[in-house]
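Protein sequences, first through last, are from chains A and B.
Sequential numbering of the first sequence, starting at 15, is according to this note's numbering.
Sequential numbering of the second sequence, starting at 1362, is according to this note's numbering.
Calculated directly from the structure, the hints in this document are not laboratory data.
Any given hint might turn out to be false.
Unchecked claim - One-sided excerpt, in silico: chain B residues whose CB lies under 7 Å from chain A:
id	residue
1	1420
2	1490
3	1531
4	1605
5	1609
6	1629
Stated by the list, open to error - With beta-carbon atoms standing in for the labels, derived distance ranges:
id	chain 1	residue 1	chain 2	residue 2	range
7	A	136	B	1630	49 to 55 Å
8	B	1491	A	55	43 to 49 Å
9	A	162	B	1611	22 to 28 Å
10	A	332	B	1630	27 to 33 Å
11	B	1454	A	52	19 to 25 Å
12	B	1490	A	198	27 to 33 Å
13	A	337	B	1630	44 to 50 Å
Stated by the list, open to error - In silico EDC-like cross-links for lysine to aspartate or glutamate, where the CA-CA straight-line distance does not exceed 20 Å:
id	chain 1	residue 1	chain 2	residue 2
14	B	1630	A	285
15	B	1415	A	61
16	B	1630	A	77
17	A	25	B	1608
18	B	1415	A	284
19	B	1630	A	61
20	B	1415	A	245
21	B	1630	B	1534
22	A	25	B	1373
23	B	1630	A	80
24	A	25	B	1520
25	B	1446	A	245
Heads up, the beta-carbon is just placed ideally off N, CA and C, and yes, glycines get one too.
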Amino acid sequence: MSPLATRADEKPLVRIAMVGHVDHGKSTLIGRIRHEMSGLPGIASVDASVGGNWAFVMDQLQEEREREMTIDTTQTFLETPVCRLVFIDVPGHQELIQNMLSGATRADAAVLVLAGDEGVQVQTRRHALLLSMLGIRTVIVAVNKMDTLARQEDAFRRLEHTAAEELRALGITVTATIPVVAREGDNVVDRSPAMAWYQGPSVMEAIGELEPATVPVDAARFPVQAVFRHDGHSTVVGRVLSGSVAEGDALTVCPGGAAVRVRTVRRFPEDHAAAEPGESVGLILDGPEPVRGDVLAPAADLPRSTRTPAGRVFWLAERPLEVGEELALRCATQVVEVRVESVTERLDSATLEPLPEGRALASMELANVRLSAQSPVVLESFDRLAALGRFVLERGGAAAGFGIVA
Amino acid sequence: MRYDPRGELTVDLLSRMESESIYVIREAYSRYSRVGMLWSMGKDSTALLWLVRKAFFGTVPFPVIHIDTSYKFKEIYEFRDRLAKEWNLDLRIARNEEALADGMGPKKIDKFACCNALKTTALKQAIAKLGFEALLLGIRRDEHGVRAKERYFSPRAQDFTWNVGAQPPELWDLYATVDEAAHDRIHPLLHMTELDIWRYVRREGIPVNPLYLAKDGKRFRSIGCSPCCMPIASNAATVDEIVAELESSREPERAGRAQDKENAFTMQKLRSLGYM
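Generate coordinates for the entire structure from the input sequences, incorporating the hints supplied.
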C-alpha cells in the first residue's frame, strides 16, 4: 500500500522515481520538466543558478554541480490544477545504489531513462531489477539523447525493442517508450515536431495516463508501535496497514495468540469509532496488553508467524552477508535478532546471470536467504501486503540489505 | 476468507500525510529515551507541535526548545509565550549568551557566521546541557534543494556534522538508527509542501503568527530573525487568502531570506555544520 495514495474525489498524487544508468539524463529530464511547468500557477520558477543546465535543478550540492553527477536522492514537488506529482531523482552510480533505494522505495511509479547513444547498460538493468523487487512493475521508458541518433526512428525502434525484452524478463510492463531530447525539451511536455514519425505521448502525457495507486481491501493488520502511558491511560498506538479497526472488534495479538477487544479508538481532539488504512491512531484494549512489534489481526485471518523467515535479499553493504552471521531483521515495527542459515540461488544484479553456489552474499548480489529468528516474526507475502512482506537487515543499526517475502 | 483485491480510499490526502507524520513522531518517541523538539514559532514547527499534541492525545511529553538569537520579531516572542502557556509546554530557551555578550549580530559580521554562532552553536550548547538523543524538527523537502535530500531519521556526528553525501540508506518507513550517531534529527514533515502546511493549518485551526498575515500590502512568507527576513508584497490577510495566493504564486518560499541569497551553497555549508 502506498501511504500517500489519494482518494477518488481528490487530485491524484503520483510519486515518480527517475531511474537508469549514470549520465543518461535522469536529473536533466526532471529539471527540464520542472522548467517547462514553471509557467503554471503555483509552481515557482527554477532558480537562476541553474543557468540552463537542467540537472542543476535537482543537483543542489556544491560537489554535485562541480562533478556534474547526482550523489544523493532528492525530490521535487509539482502541484497543478489537475494533479500532484513528486519527482524522485536518484543517482546512477553503482557506488550510490543505497541512495537510489532511499529514493525508489518512496515511489509509486517510475520512468526508466535510457541514453540513445549507449542503450541498456549495467545500471539500467540493475535499477530495473530493483524496481521489479520493490513492486513497481509498470514503467515508462524515456529514450533520451535522441539528438545523438539524429532523431531517427530506426535507431529508436531498436532500443525500444531491446528495453521491452529486458523489462519483460523482469515482469515489468512498459506503458510507453518515448524518444526524448531532455536538454532541449523534445517530447518532454510537448510533442516534438522534429520527431514527427513518433505518434505516442510525451513524458508528461504518459505520466498523466498512469493509474493512481489503490489500497488493497484485506483483513485488518495493525502493527503495534508502542504502548503509551504518559497520560494515565494504556494506549496501544500504531498505524492501520489494511482493513479497518473499530470499537468492539475482537482481535488476536500475533505472535502469541492472545485475544483482545477494542474498547476505544483514540485520536485527538476527538475519538472516532473506526480507523482506516494509513491512519495512525491509539487503541484502548480489553485483554492482555500487547508490546511493540506485535501485529493485531482478526482470528479468522491471521498473518503467518514464523521462526524461520526467508526472502529474496538484495545486499547493499560492502562486507558480504555470510551464513552463520547474526544481525537484526526489521519489518514494520518488529526488530528481531536473526541468524543466516542459508544463501541459495545467487544472482549477479549487473548481468542478471546466476552465480555459483556459495555461503556469502556480496554487495549488489541477490539470493534466497533463509534465517532463523530468536522469536517469531509476523509476515505476509509482499504481493498480499507489501508493508508486512518486506524487511531490512541491519548491521550496527544501519540497513545493510533488504528482503522481499514470497 | 476472500477479499476484493482493490478498494477505494476513504481517508483524504491531508489526513494521510498527518498520519505519516504522527507515525514518525511516535517512532522517535518509542526508540529514544531523551527526545526534544525545536520550535521556531513559524508555521512549520507550530504545525509540528500540533502534530505532536495529536500523537500524544493532547500533551507534549518532552521539552520544546526555542533557539533564541535575540533578533526575533516581537510577535514571535508573544506568540511563543501565549502558546507555551495554553498548551502547557516544557519550554526551554537556548541562547548563545557568550556570543551575544560579545555583540554578535548580522551587522557585526557576515550572516553565515551569525547564523552559525547564534543558531548552530546555541543548539549545540542546548544538546550538551539537556543530553538529547533525538530532536524533532519541522523542515520540509520542498523548502530548499538541500533540505530535499534529507531523511526522516538523519544521524549527526559528535561534532554535529551532517555528511549529506554519505547518508545511511532509508528504505520505506523502516527507519534505521545507526549506532555511531551522536544524536539523530527526526523530520516528520518532510513529505509536506508549503501549501500542504497552510491547508493543514486551515483545516485544523492551528494558531498562526500574525507576521504571516498581510498588513499594508505586505506579509512575511518565511519568518526568522528580523534583520534577515524581508516581507513579500501580498494582500493575503487570512489563511484562506494565503492558500489562494500560494496556489497561484510563482515565487519560491524563501525568497525573503537573506542567508539563502548570499551564496548558492550557504544552506549546504550551514547544514553540514549542524544548522537546522
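Against the structure, the hints:
| no. | hint | in the structure |
| --- | --- | --- |
| 1 | 1420 | holds, 6 Å |
| 2 | 1490 | violated, 23 Å |
| 3 | 1531 | holds, 5 Å |
| 4 | 1605 | violated, 10 Å |
| 5 | 1609 | holds, 4 Å |
| 6 | 1629 | holds, 6 Å |
| 7 | A:136 / B:1630: 49 to 55 Å | violated, 35 Å |
| 8 | B:1491 / A:55: 43 to 49 Å | holds, 45 Å |
| 9 | A:162 / B:1611: 22 to 28 Å | violated, 34 Å |
| 10 | A:332 / B:1630: 27 to 33 Å | holds, 29 Å |
| 11 | B:1454 / A:52: 19 to 25 Å | violated, 41 Å |
| 12 | B:1490 / A:198: 27 to 33 Å | violated, 56 Å |
| 13 | A:337 / B:1630: 44 to 50 Å | holds, 46 Å |
| 14 | B:1630 / A:285 | violated, 45 Å |
| 15 | B:1415 / A:61 | violated, 37 Å |
| 16 | B:1630 / A:77 | holds, 12 Å |
| 17 | A:25 / B:1608 | holds, 14 Å |
| 18 | B:1415 / A:284 | holds, 10 Å |
| 19 | B:1630 / A:61 | holds, 18 Å |
| 20 | B:1415 / A:245 | holds, 13 Å |
| 21 | B:1630 / B:1534 | violated, 28 Å |
| 22 | A:25 / B:1373 | holds, 10 Å |
| 23 | B:1630 / A:80 | holds, 15 Å |
| 24 | A:25 / B:1520 | violated, 44 Å |
| 25 | B:1446 / A:245 | holds, 18 Å |
Checked against the numbered hints above, the structure breaks hints 2, 4, 7, 9, 11, 12, 14, 15, 21 and 24 and satisfies the rest.
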